[in-house]
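Chemist: Start counting the sequence shown at 1; every next residue gets the next number (my numbering).
Hints are all accurate, no fakes.
Computed cross-link-like contacts, EDC-like style, restricted to lysine to aspartate or glutamate with a CA-CA straight-line distance of at most 16 angstroms:
id: 1; residue 1: 139; residue 2: 170
id: 2; residue 1: 93; residue 2: 119
id: 3; residue 1: 139; residue 2: 109
id: 4; residue 1: 139; residue 2: 172
id: 5; residue 1: 93; residue 2: 103
id: 6; residue 1: 185; residue 2: 103
Simulated DEER-style distance windows between Cβ atoms:
id: 7; residue 1: 128; residue 2: 51; range: 35 to 45 angstroms
id: 8; residue 1: 40; residue 2: 20; range: 25 to 35 angstroms
id: 9; residue 1: 86; residue 2: 61; range: 23 to 33 angstroms
id: 10; residue 1: 57; residue 2: 158; range: 17 to 27 angstroms
id: 11; residue 1: 24; residue 2: 183; range: 50 to 60 angstroms
id: 12; residue 1: 52; residue 2: 32; range: 25 to 35 angstroms
Hints in this document: simulated from the structure, not taken from any laboratory. Cβ atoms here follow ideal geometry from the backbone N, Cα and C, with glycine treated the same way.
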Amino acid sequence: MLRVPLSLRIILLVIITSTVLVGGLLMTVYKLMINDYQALVMERESAKIDRLVSELELSQQQRLLGLEGLASRVLNQEGQLSPPSILQALLQKPSVARYLFPDGVLIFDAQATLIAESDYVPGRLGTNYADRPHFQRAKETLQPVISEPILGRRTGLPLISYIHPLVTSEGDILGYLGGSLDLSKTPLLNK
1 MLRVPLSLRI
11 ILLVIITSTV
21 LVGGLLMTVY
31 KLMINDYQAL
41 VMERESAKID
51 RLVSELELSQ
61 QQRLLGLEGL
71 ASRVLNQEGQ
81 LSPPSILQAL
91 LQKPSVARYL
101 FPDGVLIFDA
111 QATLIAESDY
121 VPGRLGTNYA
131 DRPHFQRAKE
141 TLQPVISEPI
151 LGRRTGLPLI
161 SYIHPLVTSE
171 GDILGYLGGS
181 LDLSKTPLLN
191 K
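Given only the sequences and the hints, what does the whole structure look like? Please build it.
Modeler: Written as structure tokens, this is what we have:
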């Protein structure tokens with residue numbers, strides 16, 4: 001059997017121990033760097049999501065305010081809903097609401113039947129939407145409502161519908177003012 005001198009054994013032991021320690025240190029540093037990088041990416045993505053949510057909420061509020069601004073113009077001197085011919089003419093004029101809802105501004109009577117539209121769709125005038133959940137919510141709460149994504153009843157397009165109830169000071173609904181966004185072509189965020 002071969003005898004290895006003590007000094008060589010000590011040197012080999014020091015080299016092996018040093019290699020194991022350096023390897024362990026490198027693995028620990030690597031894991032810490034990976035964890036820090038993942039935390040940084042998560043923080044960055046979370047900030048981006050928060051910013052997008054804020055922009056989306058602002059965009060939705062702007063659209064609701066656009067409808068609110070138009071709401072006073074659809075009522076006549078007596079505080080009643082103007083006749084459909086006058087409403088139709090009003091919707092043909094440029095307005096903030098038309099800009100915010102490029103896919104259509106709509107006016108409904110108190111029973112949620114469409115009586116005027118900014119963009120003509122065959123067969124849509126006279127259609128009743130009272131069965132839609134967002135109309136039911138607007139009727140119950142007397143507050144503006146933004147629908148979940150829906151399919152247009154006459155267009156068949158994926159839409160988001162904004163509904164602003166027109167309410168008297170006594171709490172009676174005179175009608176509804178609506179705006180729609182075609183999700184296939186209109187971005188939810190104004191860029």
